[in-house]
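Visitor: Here's the letter readout for the chains.
Protein chains: 2
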Amino acid sequence: MIDDLLLSNDNKIIFLILDGLGDIPNPSFNLQTPLEAAKKPNLDGLAAKSGVLGRIIPVDIGITPGSGPGHLSLFGYDPMEHEIGRGVLEVLGLNMDLREGDLAARANFCTVRDGVVTDRRAGRIPTEQTERLCAMISGSVREIEGVEVIIKPGKSHRFAVIFRGAGLSDKLTDADPHKDNKPFAYTRARSEDADLTARVVNGFIGAVMDLLKAEPVANAALLRGFSSMPDIKPFTEKYRMKALAIATYPMYRGIAKVLGMDVRQEPADYDEAVRILKENYNDYQFFFFHVKETDLAGEDGNFEEKVKAIEEVDRIVPAIYGLGPQAMIVTGDHSTPCPLKGHSWHPVPLLIVTKTGETDGLAFHEKNCVRGSVGTIYSKELMPAALAHGMRLDKYGA
Amino acid sequence: MIDDLLLSNDNKIIFLILDGLGDIPNPSFNLQTPLEAAKKPNLDGLAAKSGVLGRIIPVDIGITPGSGPGHLSLFGYDPMEHEIGRGVLEVLGLNMDLREGDLAARANFCTVRDGVVTDRRAGRIPTEQTERLCAMISGSVREIEGVEVIIKPGKSHRFAVIFRGAGLSDKLTDADPHKDNKPFAYTRARSEDADLTARVVNGFIGAVMDLLKAEPVANAALLRGFSSMPDIKPFTEKYRMKALAIATYPMYRGIAKVLGMDVRQEPADYDEAVRILKENYNDYQFFFFHVKETDLAGEDGNFEEKVKAIEEVDRIVPAIYGLGPQAMIVTGDHSTPCPLKGHSWHPVPLLIVTKTGETDGLAFHEKNCVRGSVGTIYSKELMPAALAHGMRLDKYGA
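Same order as they appear, the protein sequences are chains W and V. Under the numbering used here, the first residue of the first sequence carries the number 1, and numbering increases by one thereafter. Under the numbering used here, the first residue of the second sequence carries the number 1, and numbering increases by one thereafter.
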């Protein structure tokens, strides 16, 4: 429906996404949420003067989303229709250069004895060990059957692999027994056109085993989450806006790249992020400004840290909104409540700063968002609302 | 679902539709909305005593509807499935007698020089000129290839055309370059069964050019929005209620006719409209009472006028509700916020006056409607709610 209504103008829309923003009343903090407790005069000032509030449900009622579905839905893609594979997310998170046609996989070093995986995580070997092993593998295994292999170490026993070549398929079973003390498993093709890919992946696994056979603990690798760039309509095309992503964490720049947004260099801090935003403001209509710290604090269950993260963001809000966008959306990709120390299904508080003069006249936090005039909507419905407030949609029907 | 649950009784349901009713907090008027500022003791009295509140979303979140989709959805037709064409809306708005099988088109007088449309609006010639030219054309061009042609002048350079005959199709391209200084365009058939219709329309266009060749400015006509009566299940059949439409503006009587509602004469004012309602009250179960003035004031951005329009309606509410309907619904087809001077995507305030004894105990305006017990629903879901309150729906399942 949106397709036929999109207007071409230079109105700007900014998405200020505080990862894991949503929280729940915290019994240890007077039943406040971090967003409620934070001193955020700039956000609350904008909310009270020209903000409307609501809540977004990332995927569906009761569903806790990962980062992939959380962000896909924010940008108006149905997260149940589209998927960013786990391998893809992993290589994006490691800042690897994923290209169309590449096959990505998550990988673990593991311990194998007599064909049985005795420890899927190789005793959680330290990151430096993983770096050493990855360097060794990279030095010897550059290609299998003409398919280039690129690997990069992650944290602890984890690493990621990109296979680059023609005719690769992601129709593969995991090369992972998924439990300790099960037989070591190679991958198998789930359809005929994945036969070559299965041979390549298993060739790689075999080469790694040969290389590591003298290692005392990490003597094999498990690969899983085989996936390629999703076939997804680029954001720029879908909404006829040039889009720029600004994010300190690689995974979010990666997701933006998957959606066809432009990405600038990694900002060192919020001030540099704002500087990148300013420098590129004239060349784009849509800006995805991602903040990770709220989610990290939520994952740690650290209420004070989450409050501090929100207050830090509040400090840069005047510089961002001062650029004069037609609409600024402040929300999260999902909730990460401190009491739960992880992602959750709770609706995420939403603030739309408007230029229409309308306002709910309320400070921005979960409890006010329940009674905001935007209501509780699905995250995938946020883009149409943002486009409307951005004055980028024509009337439907006469 | 509704189909199998419809009860046959004489319970009455009145839809009091204030066109463009919804608005947003207005910074120039103490952040009130017109509905909030209006002194409307009758509506607020009913709302507080026996009203439940909510909001309706005409088409979808962020989508600004035209009058067609706005009304279709009010009456329970999915506005994304059904469409009333632009030509149809235009002839209805001019109070022309559109019949099944007719082909309707919007038309402009324009200026053509050497085959190029130099001015699509013929210098916006005054209405009297358009009336003169239409009379001239009507006098000479009565039929083309056996197809009757009926034309009627509108405002300024606009007029409308009905083609009446067997085998007409609306599968035609616009006979309009849509921009100045482009070559004059005839229509083309978009499917084979529209070949005859294309010949007829182009024959008409040619005849008009011949007739107007001596005119200094308006020497040709552009036709667009070719459309016929939509194939839509009549309201009366869909809901097993005899339905009467009362509206001062032709377009809304026209939409009602398209839906198979009965229509009485054009009321001169609200009092006559109420009189028509009273006179016909026993013969119908459903009444669509349309008020245009709220939308006009919104389009003008005139807050005080919109307040006044609402207060004027409030004056006739006792006479309407005094008839004793089982349910009276007061809402709009869309929002027309004064600050935006046009239709908008904002949910529309909804009041259902009930006979169950239930009430939200709140005055009727946008802010209270956010927290009303009906919630925020899609307009197409309003009819089931109205039928329920009208005690016209049986239980589903045992």
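Fair warning: there could be bad hints in the mix.
The list makes no distinction among identical chains, and a pair is therefore deemed to hold if it is satisfied within one copy or across any two copies.
As the list claims (entries may be wrong) - Dumping the calculated SDA-like pairs for lysine to any residue here, alpha-carbon to alpha-carbon at most 25 Å:
(1) K233 / L5
(2) K292 / G206
(3) K367 / H178
(4) K395 / P25
Quick caveat, the hints were computed from the structure, so don't treat them as lab data. The structure displayed is predicted, hence computed values, not measured ones.
Visitor: List in ascending order the numbers of the hints, as given earlier, that are violated by the structure.
Guide: Violated hints: 2, 3; rest satisfied.
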